[in-house]
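Engineer: Residue numbers (my numbering), protein chains in the order written: chain A, 15 to 1028; chain B, 18 to 691.
There's no promise every hint is true.
Stated by the list, open to error - Straight-line alpha carbon distances no greater than 16 Å define the calculated EDC-like cross-link-like pairs of lysine to aspartate or glutamate that follow:
hint, chain 1, residue 1, chain 2, residue 2
1, B, K107, B, E54
2, B, K508, A, E380
3, A, K757, B, E602
4, A, K489, B, D305
5, B, K462, A, D453
6, A, K94, B, E676
7, A, K85, B, D576
8, A, K598, B, E653
9, A, K85, B, E577
10, B, K598, A, D720
11, B, K508, A, E414
12, A, K384, B, E507
13, A, K381, B, D503
14, A, K384, B, D503
15, A, K452, B, E463
16, B, K83, B, D128
Bear in mind the hints are in silico, worked out from the structure with no lab data behind them.
Residue-level listing of the chains:
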Amino acid sequence: MNASIKVWLTIAAVLICLDIFVVFRLLLKRIANKIRKELLENPKSSLVESGVSGKSRRSPKYAALKYLQMKQLVFLDFAKKSSIEKSIDLDWAEKKFLKGLKSAHKTKRIESAVYLGLLGTEKARENLEKSILVEKNAAVTLYIANALSDIGSPASIPALVSSLINSNHFYRNKVNLLISNFGEDLNVYLQQIQGDMRIEIKELIVDCSSVHFSEFTKNFLVKLIDTRENEIERLNSFFGSGKGDSCANCLYSSVSPDTNRRICRFKGDVNATYRCHKYKILPVSINSAVNYTRLVYKACNVLSYFQPQELDNSKYLDNDDAEIRNIAVKSLANYNSVNNLDRLFTFLGKPDTSESAEKAISMIIEKNSKYINTISKAFQEESNTEIRQKYARILSRRIEYFIMKLSSRDRKDAIEIITVILRSGRCSEVVDFLNKNKDLDIENELIAIIKQVVAQSSDLEKEFSNYLNERISTKCGLSPQVNTMPKMIATKDKKLIANLYVLLAVIILIFPVIYCIRHQNILFIVPFIEQLKTYVIDFNYYIAFYSMSISIIYLVLLFLSYMSAKKQARLWEIKNMSLLFKTKMLPSVSIIAPAYNEAKTIIESANSLLNLKYPDYELIIVNDGSKDSTIDVLIKYFDLTRVDYGFRSDLHTKQVRGIYVNRSMPKLIVVDKANGGKADSINAGINISHKEYFCCIDADSLLEDDALLKIASLSLDEAVETPALGGNIIPINGCSVEQGQIKNIKIPENWIAKIQTMEYIRAFMSGRLGWASINSLLIISGAFGLFRKERVIDVGGYLTSSGKYEKDTVGEDMELVVRISRSMREHSQKYKIGYAFNANCWTEVPEDLKTLQKQRYRWQRGLIDIVTFHRKMLFNPRYGRTGMIAMPYYYIFEMMGPLVEIQGYLMVVLAAVFGLLYKELALILFVSTILMGVLISVSSLVIEEMDSKRFEAKDLITLIIYSVLENLGPRQLFSFWRVGGYFSMLKTPGGWDKAERKGFSSSNVSDKEKMNEK
Amino acid sequence: MDMPKTVEIANGIFWVGGSGQDGGLHCNPYLIIDGDEAVLIDPGSVLDFDYVFENVCSLVPLGNIKYVILHHQDPDFCASVPLFEQKGAKFEIVTHWRTQTLIKYYGLKSDYYIVNNNEFKLVLKSGRVLGFVPTPYLHFAGAIATYDYTSKVLFSSDLFGAFSYEWNLYAQDDYLEKMKAFHEHYMPSNDIIKPVMEVFLGMDISLIAPQHGSIIKDSIAMYIKALRDLECGSFLLPIKRDLAKAGGYKFICSSVLKRYASIFNREAVLDVIEDMNITFEDDLEITDYNYTGNTLWNLIFEKVLIKKGIQWLFVIEPLVRTLAEEYDVMIPAVFETKLKKSEEEAANLSNENRALKDVNRRLESNLKEAENNLIRCPVTGLYNYVFFKNYYSHELQRVLSDKSGKNSGLLIISLDNSEKFRYSHSNSEVEARLRSTVYILESMKEENEIYFRFQNEVFASYIPNTTKQKAVAFAEKIRNAIAGSDKFIEKTTASIGLVCFDEIKEDNLLINSPEAVMYNVAKMRVSLAISMGMNIVCSHSSIDTYQDTAASILLVDTDEVNIDVLKTFLENLHYRVFTAKDGVEALELVEQRHLDLIISEIMIPKMDGFILREKVLSQSNIKSIPFVVLSYLKNEDSVQRAASLGIEHYFRKPFMLSELIGVIKNIIKGETYQ
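Isolated chain A (complex conformation):
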């Protein structure tokens, strides 16, 4: 036996042992967890017991943790508290966490801060205050600040306030509100520091005033508004020209007990006027004037809410600044005064305040509907058409009231108002009313108005003929409008195709060329068949090393994944609900669910998405011109009404046909639009959304109820912006679903789906999590991802033919992430694209080979499209790790790799045919593909299991078996399909494939076309 075989045999043996070890660990851990859970259950009940009975009983050590967790939920009264605390060993916990606070490990520091906050002892507080001043990681600081605000001792205020200085605005926004909870004590402290010129302090006072409004804050706000011009000038001179710089405002300095001195991180204790030139990177120095102006507006809004009379002053009503003027006008609606309405009428006539006046008047009606008549009178008396339209818009909120008036004696006024309302384009409510109405007289009255209006506007004619039901529409004399959609013609990108051909040629020729170079000595001497044999053997080595390198990359990623999953799991454990639900702690989210022909499952999905645990979110379902009854099913089930809903058009999309809501479900918005594909639908959803982030999700997927919370809470653990966050996808095929909730978690019965379950777990757990931990994640699945809206709008939204880049792609989800990374790097902004391994989204996967093949073709085409579109990033150091590692990986291994692999498989077959597959070669191939593949798969299962015991033991074993089977055939088949995808790209770049799906309730097998049809 030769030496190299021995080496390989050893490697194989080690790998086999490793595989078996991992599998055993997986199974043992499950049992261990069960025991641990019981151990935890026990003290919980005894704790509650002792709290109730008042008798103290010695409890085990776990009890301390359990008690602290309980404290997150209930504030116990003193007697109960002391009786429980007597029974457990809290000193042990205190000591442990005080030590942890000084750990070098970030996660450990966070954990300790949280538990110390719950302990709330004097010692804990003092230590937290100390560490908040020296902590450098903003994420940790946030947790400490939260702990201190939970303890709630006024002594912590100065430390908390000084942590604000020079921190980024994400931190400041959150901590300002935490500090606001201190109430009256804070008020006293703020009065002491009100003279501070630093913008952080001013922000703090403004934010606090929105929670605790007092005489002091009122005066402060007024002063802030009145002196804004001088202040902006001062800021400009300070940050703009570089004069007057000092350490007092430096990122690296902190407050010293002596007000004239600062503690600099580099120089130690220095004079406050000490200058080094780091001031230029202070967070507050960027856009200081703009930020200050924003603060002033915020102050105005707070005043307008609490003391609107204060703004009722010509100083503000006629202010030079249009925004202040508008806020002042709006504030007129906030307090009762006889002539406010009359004054608002005059503001309605002025072009720059008319919009706010309109809002203000609408608010007044909302509060006191009696004023409707005052307004309709004003409408009658007004002669200016434009202003009349404004009145009409205000009155249109109560259009049903006026419609009812049509049957009464003073119908003349009502006719006039309705006519103007319709002319101003607000006709959805009338259409809706007419379609439901049964009263012939009202119907004819309305039709007469419509006829008159339609004669003057073809837009309205289109609107009415499209949405009125047929009988009424013919009665109005409207003929149905045929919308002739211009047929999409897929244009061949000739340059792209040429490039692909070149690449193909290179890949096919590179190995023969290498062979020629290596064996040039025998090139023309040895007979052809012998040469072929040599070539085959060579190639087999290449392919072995190729798979080896992929496996090694994966193992590295796997290791990173494991670490990062562990960290995430620990952090999730301590992120208690009361933290996550604090005001502004988590960003607000719009869930955007595009739906194309989803009539069967849309209700299940909508129900699931409407009942998530999350502080502030809305659900926007976008019907992408479905050919089935998707929209009708929604309207019927949720009793929706078509409304005129104002929205922005930051992104160009296909025409939005209508927006539907139900007032008793403020969270739900349904959008009906012309067919334009998934990306176009999400863009439309983005235009309509109102929240800071948006979460895109396939309408046929289900979210676990805390998935959104888990994915969004990642933003708390990063000190930088998180423009995009991804979640975990798991096949739902085997599960049973009831009213949008998964009732039974089971792996699919179909073997194709089972293989995919394993494949998904491997890809997400080892791949995405690993890439995310080195901040090079480039794929966030379109089925579940969270994006910062502002960023996405900045980069032009999803790629669509009607969008900014006038380009379509099948891989729009990946493309967007790449574009965001690219833009962040180009603007040298710090960011983190994260991946939440425990935020689960369940989705349908194909159960037959044909559909699966189509899906894989599509994925590969998408990948090729994106990698070539962004090839500028390839090996470009400007794009950091993304450009140097991630993009090349995708280019080489994901895009070109399959072409190599396929050649390799061919050669393996050839080698077997020629009888050349001798032991060593076979062994190397076995080690590099099968054993390593199995190792990666089972390790992924370990990570997957870390969060929760999702699958039953029986299913888990099945998955382990499939993790072996998957490497024997399916993986090769998938590679084959990827090559197919490559070739299909050469033929037809347009014309999407359809994937077939079935409904959730697995019994009704119904084929359904997916989003991608054009």
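Given the structure of chain A, go ahead and fit chain B onto it with the hints provided.
Structural biologist: Quick look at chain B alone, frame taken from chain A:
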């Protein structure tokens, strides 16, 4: 005219009229020949005399005429009697004493046979009896009709007469409308015509021979009933009705067209409307039209004026005015301009006259209002309380006598806070609110529900055939529709009291006035509903006093720690605790158990806490269970939403245990006191 001169309409009874008259009012004298005696009935006017005389003489010798019956004193009935006398006829004049006092001015010389003194009977020599039915004020105080017991023919005088430009001896299909037109003009009121028709209904009549119009051979009862139910006397007191209920403009326009068709003919009417944008059935009932109602109403008369001239307008004017008054619509413009002008020219009214007319009009409108209050509510067009009382007692008698066990329900619907509403809004807003309520009620209509409006903002609905369960569902539907409607100027709710007939029937079978019992129970339940906090359907009289020894509390949350902690503490305080992990499960528990309190998280699966609250609110029997929110989510929006759903206690987690327990204790105590 090649019509036969006389027609034998029944055995020995002849129509002896002339046929040459113009003006739409055709007179019909009749002759009864009984052996050698003959009786002439209402011989007619001077103009007709030649024909009638010739006809009579062709049947019997003049001397045989022993009696002439004069039903009342109008010249078109009696003016020719002196001429008969001059020709040498000798007869007794059979009439009412009141008529006698007037007809003597015709210069009659014959003797009188006063029916009042002869038991309203005339016995002929052969023993044949003619009976006289007094028909007072139709349209003369002493009017009578004659009934021949032998042939069972009713000589009805003016009753059952008609205007017609196309006369037929026997009534055709369109006769009903013509007849109604005539009666609306000449007969004073339904109150007067109704009892007479009731009498006719009780008689065995084979033929009606009226003095004007056509002889009625078939469907006699139908004609009698039509007159019994006719709202006549339109010149005196128009009855106001709800246009929408009657069928809208469609209905009044159809009536006009039908009237025209009966007076002229169908083809002429088609000619008028041929180029209008309406669809109609063969009988000229309009099925759809494409104008505003008001436009259609005006347009018809404009077309009539253009195509047929002012004559057609004159003919229809009374009907139009009646309809306009009744249904509160404008008189079409052409009448106001053209007609008024020609009228004024013709009459040349003096100023004094006009002033008088004004006085009259005011008087009329006063009278009208008084009348409106009698049957219908002027604002809503629904029947009023007075009508309700009559109607309801009849209905219940019917239900009682019906052994099939049919059950009927009565709903009393009272809009909440109506005092406050009236105080803070104008009168026209109050009316608008009433109208919108009626719109909603009408759109809720399922089968044969009838709505009434009582005083203020109280409505009632009678459901003829229902079950308690169905009635409750119906009431809840109404309550929710009103509460959820956007048609009112401000949010409006209604409290509803509901009673089903079987409830009281089971109790005692022999109650004196079931209608009063039903009404009182329903009324009591409304006030119960109001006192229970309004916006409630109350279908039981006694508040369920059942109280568990310990109060029951439902906890809805997915957080196990929370459920554990609270459950332990609450059970320690001797409360019964149920738990649910999602909204659907929770709602089921609420519906099944008798609960005293619901404590719920907002973010729960399947149905969130707010929707759960909404669903609970939509069922009256559980809506008053106190609802406490205990959630991590507490922000401006969620708190506002909670407030709008009437949730008073909204705790944010982490919560203070003592505070929550305190609130729970207070709420439960409050419950026990109730």
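Engineer: Does each hint fit the structure? Answer for all of them.
Structural biologist: For each hint, the structure was consulted:
no.	hint	verdict
1	K107/B / E54/B	12 Å, holds
2	K508/B / E380/A	11 Å, holds
3	K757/A / E602/B	14 Å, holds
4	K489/A / D305/B	9 Å, holds
5	K462/B / D453/A	13 Å, holds
6	K94/A / E676/B	14 Å, holds
7	K85/A / D576/B	14 Å, holds
8	K598/A / E653/B	12 Å, holds
9	K85/A / E577/B	14 Å, holds
10	K598/B / D720/A	15 Å, holds
11	K508/B / E414/A	13 Å, holds
12	K384/A / E507/B	8 Å, holds
13	K381/A / D503/B	15 Å, holds
14	K384/A / D503/B	14 Å, holds
15	K452/A / E463/B	13 Å, holds
16	K83/B / D128/B	11 Å, holds
The structure agrees with every numbered hint stated previously.
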